[in-house]
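From just these sequences and the hints, can you work out the full model?
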Amino acid sequence: MTLEGKTALVTGASRGIGKAIALELARLGADVAINYAGSEQKAKETAEEIQAMGRRSFIIQCDISDSDAVQSMVKETIDQFGRLDILVNNAGITRDNLLMRMKDQEWDDVINTNLKGVFLCTKAVTRQMMKQRSGRIINISSVVGRIGNAGQANYTAAKAGVIGLTKASARELAARGITVNAIAPGFISTDMTDELPAEAKEQLLGQIPLGTLGETADIAAAAAFLAGDGAKYITGQVIGVDGGMAM
Amino acid sequence: MADVLERVTKIIVDRLGVEESQINLDAKFKEDLGADSLDVVELVMELEDEFDMEISDDDAENITTVGDAVTYINSKN
Numbered sequence: 001m002t003l004e005g006k007t008a009l010v011t012g013a014s015r016g017i018g019k020a021i022a023l024e025l026a027r028l029g030a031d032v033a034i035n036y037a038g039s040e041q042k043a044k045e046t047a048e049e050i051q052a053m054g055r056r057s058f059i060i061q062c063d064i065s066d067s068d069a070v071q072s073m074v075k076e077t078i079d080q081f082g083r084l085d086i087l088v089n090n091a092g093i094t095r096d097n098l099l100m101r102m103k104d105q106e107w108d109d110v111i112n113t114n115l116k117g118v119f120l121c122t123k124a125v126t127r128q129m130m131k132q133r134s135g136r137i138i139n140i141s142s143v144v145g146r147i148g149n150a151g152q153a154n155y156t157a158a159k160a161g162v163i164g165l166t167k168a169s170a171r172e173l174a175a176r177g178i179t180v181n182a183i184a185p186g187f188i189s190t191d192m193t194d195e196l197p198a199e200a201k202e203q204l205l206g207q208i209p210l211g212t213l214g215e216t217a218d219i220a221a222a223a224a225f226l227a228g229d230g231a232k233y234i235t236g237q238v239i240g241v242d243g244g245m246a247m
Numbered sequence: 001m002a003d004v005l006e007r008v009t010k011i012i013v014d015r016l017g018v019e020e021s022q023i024n025l026d027a028k029f030k031e032d033l034g035a036d037s038l039d040v041v042e043l044v045m046e047l048e049d050e051f052d053m054e055i056s057d058d059d060a061e062n063i064t065t066v067g068d069a070v071t072y073i074n075s076k077n
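Heads up: the protein sequence lines correspond to chains A and B, in order. With full-length UniProt numbering applied, the first sequence covers 1 to 247. With full-length UniProt numbering applied, the second sequence covers 1 to 77.
Hints listed in this document are in silico derivations from the structure and should not be mistaken for laboratory results. Predicted, not measured: the structure shown is a model, and the values here were computed from it. Just so you know, not all the hints are guaranteed correct.
Stated by the list, open to error - The list that follows gives simulated cross-link-like pairs (lysine-lysine, DSSO-like), each with its CA atoms no further than 30 Å apart: (1) A/123 x B/28; (2) A/103 x A/123; (3) B/76 x B/28; (4) B/10 x A/131; (5) A/116 x A/44; (6) A/167 x A/131; (7) A/167 x A/116; (8) A/42 x A/75; (9) A/116 x A/232; (10) B/30 x A/167; (11) A/232 x A/75; (12) A/44 x A/75; (13) B/76 x A/131; (14) A/42 x A/123; (15) A/167 x A/232; (16) A/123 x A/75; (17) A/44 x A/123; (18) B/76 x B/30; (19) B/10 x A/123; (20) B/76 x A/123; (21) A/123 x B/30; (22) A/116 x A/42; (23) A/116 x A/131; (24) B/28 x B/10; (25) B/30 x A/131; (26) A/131 x A/232; (27) A/75 x A/116; (28) A/123 x A/232; (29) A/201 x A/103; (30) B/28 x A/131; (31) A/75 x B/76; (32) A/167 x A/123; (33) A/75 x B/10.
Pasting the structure below:
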């Protein structure tokens, strides 16, 4: 499997799952644009690791909930790379709170970044991909979007929304050679899950049939598969990479 | 005018796979030329490239016939 000659834009690629996906796409031969919101230094490190593999890479700051900023980001990516084959909608935030205590702002922030952001980025790349008559859009959803999670009404709603958006865009864009799929990671060892208290982690492990947290590499492998030629006949699907949490 | 119509016609023939003889100013993209919504969006994108202009979504919604496209392009050039 090779992605040589392909170009990709990965949102939220300065760390965690996004970084792992960016590195894996690059390892398989793709040039990768690294979007980040705040962690410029970490984004730079990711880009440098990719350049060290002999691929093109650059960092691009953008709040993906801002329509104009997203359009500039996509334009710059296409200007630099000449084409755009793969979009990975990975960027996401959490603002956990119990439903009864959740502030409107916490709800809005998560929906705006995790759901509207996916819509905006997808919309912005569609023109280029339609012209190319080919493209791969990979949305990072979450297991909680399929089975729910207490304390994450906003995040769960956004991630379930991403699954609906994936299916709608897959249907719209299929005739133009563009596939759209989602990956629903379970609990993956990242900065986001490291913050969980030990007790919560213990309880979590009990819900995972395979008995361990996942690794970012597990998600990266699924993304690389969806980006590659082997997945050309797959669209509108949700691939759970969650140790069996949702079946 | 003729030149614009010629260029628009060529794009429509290429994109929608219709015969040149089917194309006249009154021809509707969807009803007469068999385009679906996405085809129309793509046509508008190609017209933007061909005539080096940006057509806003609002304006694009009002372009439903070959004549609409020609008139719009002439009004902007």
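Now the hints, each set against the structure:
{"no.": "1", "hint": "A/123 x B/28", "in the structure": "holds (26 Å)"}
{"no.": "2", "hint": "A/103 x A/123", "in the structure": "holds (29 Å)"}
{"no.": "3", "hint": "B/76 x B/28", "in the structure": "holds (21 Å)"}
{"no.": "4", "hint": "B/10 x A/131", "in the structure": "holds (17 Å)"}
{"no.": "5", "hint": "A/116 x A/44", "in the structure": "holds (26 Å)"}
{"no.": "6", "hint": "A/167 x A/131", "in the structure": "holds (21 Å)"}
{"no.": "7", "hint": "A/167 x A/116", "in the structure": "holds (15 Å)"}
{"no.": "8", "hint": "A/42 x A/75", "in the structure": "holds (23 Å)"}
{"no.": "9", "hint": "A/116 x A/232", "in the structure": "holds (26 Å)"}
{"no.": "10", "hint": "B/30 x A/167", "in the structure": "holds (25 Å)"}
{"no.": "11", "hint": "A/232 x A/75", "in the structure": "holds (25 Å)"}
{"no.": "12", "hint": "A/44 x A/75", "in the structure": "holds (20 Å)"}
{"no.": "13", "hint": "B/76 x A/131", "in the structure": "holds (24 Å)"}
{"no.": "14", "hint": "A/42 x A/123", "in the structure": "holds (27 Å)"}
{"no.": "15", "hint": "A/167 x A/232", "in the structure": "holds (16 Å)"}
{"no.": "16", "hint": "A/123 x A/75", "in the structure": "holds (12 Å)"}
{"no.": "17", "hint": "A/44 x A/123", "in the structure": "holds (26 Å)"}
{"no.": "18", "hint": "B/76 x B/30", "in the structure": "holds (24 Å)"}
{"no.": "19", "hint": "B/10 x A/123", "in the structure": "holds (27 Å)"}
{"no.": "20", "hint": "B/76 x A/123", "in the structure": "holds (26 Å)"}
{"no.": "21", "hint": "A/123 x B/30", "in the structure": "holds (23 Å)"}
{"no.": "22", "hint": "A/116 x A/42", "in the structure": "holds (25 Å)"}
{"no.": "23", "hint": "A/116 x A/131", "in the structure": "holds (24 Å)"}
{"no.": "24", "hint": "B/28 x B/10", "in the structure": "holds (16 Å)"}
{"no.": "25", "hint": "B/30 x A/131", "in the structure": "holds (20 Å)"}
{"no.": "26", "hint": "A/131 x A/232", "in the structure": "holds (18 Å)"}
{"no.": "27", "hint": "A/75 x A/116", "in the structure": "holds (19 Å)"}
{"no.": "28", "hint": "A/123 x A/232", "in the structure": "holds (21 Å)"}
{"no.": "29", "hint": "A/201 x A/103", "in the structure": "holds (25 Å)"}
{"no.": "30", "hint": "B/28 x A/131", "in the structure": "holds (23 Å)"}
{"no.": "31", "hint": "A/75 x B/76", "in the structure": "holds (24 Å)"}
{"no.": "32", "hint": "A/167 x A/123", "in the structure": "holds (14 Å)"}
{"no.": "33", "hint": "A/75 x B/10", "in the structure": "holds (28 Å)"}
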